[in-house]
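Protein sequence lines correspond, in order, to chains V and X. Residue numbers 1 to 204, in UniProt numbering, belong to the letters of the first sequence in order. Residue numbers 1 to 204, in UniProt numbering, belong to the letters of the second sequence in order.
Simulated from the structure, these hints should not be mistaken for lab results. Just to be clear, a hint being listed does not mean it is correct.
As the list claims (entries may be wrong) - Stretch by stretch, here's where chain V covers chain X in the computed footprint (C-beta under 8 Å, at least three residues):
no., region
1, 149-158
2, 179-190
What the hints assert, rightly or not - Facing chain V, a subset of chain X residues (Cβ under 10 Å, in silico):
no., residue
3, Val28
4, Leu145
5, Phe161
Said to hold, decoys possible - Not everything, but these chain X residues come out facing chain V in the computed CB check (under 10 Å):
no., residue
6, Gln111
7, Leu164
8, Ala176
Using N, Cα and C, we set each Cβ at its ideal position, and we do this for glycine too.
Number of protein chains: 2
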Amino acid sequence: MAKQERAARTRSQLIAAAADDFSRSGFVRTNLTAISRRARVSTGALYFHFERKEDLAAAVVHEAVDGIRSAVARVHRAPACALQRLIDASHVIAQLLRTDSVVKAGVLLNQEGHGPLPDLRREWHAHIDRLLAEAARENALAPGLSRQSAVDFITASTVGFEALGRDDASWLSRPALASFWALHLPTLATGRILDELQTAGTDD
Amino acid sequence: MAKQERAARTRSQLIAAAADDFSRSGFVRTNLTAISRRARVSTGALYFHFERKEDLAAAVVHEAVDGIRSAVARVHRAPACALQRLIDASHVIAQLLRTDSVVKAGVLLNQEGHGPLPDLRREWHAHIDRLLAEAARENALAPGLSRQSAVDFITASTVGFEALGRDDASWLSRPALASFWALHLPTLATGRILDELQTAGTDD
Numbered sequence: 001m002a003k004q005e006r007a008a009r010t011r012s013q014l015i016a017a018a019a020d021d022f023s024r025s026g027f028v029r030t031n032l033t034a035i036s037r038r039a040r041v042s043t044g045a046l047y048f049h050f051e052r053k054e055d056l057a058a059a060v061v062h063e064a065v066d067g068i069r070s071a072v073a074r075v076h077r078a079p080a081c082a083l084q085r086l087i088d089a090s091h092v093i094a095q096l097l098r099t100d101s102v103v104k105a106g107v108l109l110n111q112e113g114h115g116p117l118p119d120l121r122r123e124w125h126a127h128i129d130r131l132l133a134e135a136a137r138e139n140a141l142a143p144g145l146s147r148q149s150a151v152d153f154i155t156a157s158t159v160g161f162e163a164l165g166r167d168d169a170s171w172l173s174r175p176a177l178a179s180f181w182a183l184h185l186p187t188l189a190t191g192r193i194l195d196e197l198q199t200a201g202t203d204d
Numbered sequence: 001m002a003k004q005e006r007a008a009r010t011r012s013q014l015i016a017a018a019a020d021d022f023s024r025s026g027f028v029r030t031n032l033t034a035i036s037r038r039a040r041v042s043t044g045a046l047y048f049h050f051e052r053k054e055d056l057a058a059a060v061v062h063e064a065v066d067g068i069r070s071a072v073a074r075v076h077r078a079p080a081c082a083l084q085r086l087i088d089a090s091h092v093i094a095q096l097l098r099t100d101s102v103v104k105a106g107v108l109l110n111q112e113g114h115g116p117l118p119d120l121r122r123e124w125h126a127h128i129d130r131l132l133a134e135a136a137r138e139n140a141l142a143p144g145l146s147r148q149s150a151v152d153f154i155t156a157s158t159v160g161f162e163a164l165g166r167d168d169a170s171w172l173s174r175p176a177l178a179s180f181w182a183l184h185l186p187t188l189a190t191g192r193i194l195d196e197l198q199t200a201g202t203d204d
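Please put together the full structure from these sequences, using the hints given.
As structure tokens, this is what we get:
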């Protein structure tokens, strides 16, 4: 294995181990020695990649943000209508939060002010706003719907699912989100497309 | 002023000052000396009331939980229908989070695992569940509504408003919550009582 490749592998082992420790013990109680042990990497190698705990937290956040953004972008490129892409994006993010420990830890660290500080909730709000604008152009929104209220409410609900899902992952399950969409699509979407929308997502 | 009264006043000054510092700087960066200065209380008096920072955090959480519970109980005793009491409770909690620095700090400290650990979100979920059961007995729910989905979604949305409101209090404003209820009551409530429900609350 080339030297560069080995270094990249070590780095990603360290990030995975750090994500586990940050999720389990929080930033303050996590220490670098434990991370190097968990990653089966010497402390020398750890310090070669990350001088301070804050640098490791930054790397976890960076990976998490990248992971979420690229998953959402993938959904966004799919040939579905705007509302379906919104539903699919919510499922994809929930799945990452449920199954990817780096994403889970990174989102929490980001909210606690560690690492790079993209405002993920603001990005998500803006993404929902764009998708509902697109849905309006597709004549897919229910007549008389206040788009602003709808954007705000979808943002708040999904942020709430994320917050509740930290302690109880069932909030982030596919059926939980599907029920949410089933309950609200009649308020959001015009009757014409209601039957076509898949509340459980089309992302897998 | 009697000695006991003076002690109670000092204690509540310390709790208020601690709430400000915890909100501003987080638990880790807050120190007791700064709190005693802000409260204009000697460090001796501070240590008389609170030996450790953790004790002060516990007192802030305790006051916050008391404040929320008693406000919700007050709404619950009002002679309104169950759905109106749910709307009113959401406004009352949002107002406390917006205007009462002890409540705001206490909710955050509670979520970070400091102080007594009542699961406020679970309490709120159970409260919504009870109110929707009562609304069902009043024949106030929309026909065919999945009550479980409704309870979960109202919990998630309101938890989301709280989370978003930490950085931007406009999420907790009366108009923001009123728009939320205006958007969803047609899904939740039967047509008969829709006109009677006040989306902006009847709590003031």
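So, going through the hints one by one against the coordinates:
1. Coverage of a stretch by a chain is defined here by at least three residues with a beta carbon nearer than 8 Å to that chain's beta carbons; for the region 149-158 of chain X and chain V the count is 8, and the condition holds.
2. Counting residues of the region 179-190 of chain X whose beta carbon lies closer than 8 Å to any beta carbon of chain V gives 7, which reaches the threshold of three, so the coverage claim holds.
3. A cut of 10 Å between beta carbons decides the hint on Val28 of chain X: the least distance to chain V is about 6 Å, and the hint holds.
4. Of the supplied interface hints, the one on Leu145 of chain X holds, with its beta-carbon coming within about 8 Å of a beta-carbon of chain V, less than 10 Å.
5. The criterion of a C-beta within 10 Å of any C-beta in chain V is met by Phe161 of chain X, whose closest approach is roughly 5 Å, and the hint holds.
6. Given the 10 Å rule on beta carbons, the hint for Gln111 of chain X holds: about 8 Å separates it from the nearest Cβ of chain V.
7. Hint status for Leu164 of chain X relative to chain V: holds, with the closest Cβ pair at about 6 Å, below 10 Å.
8. The closest approach between the C-beta of Ala176 of chain X and any C-beta of chain V is roughly 7 Å, which is under the 10 Å cut-off, so the hint is satisfied.
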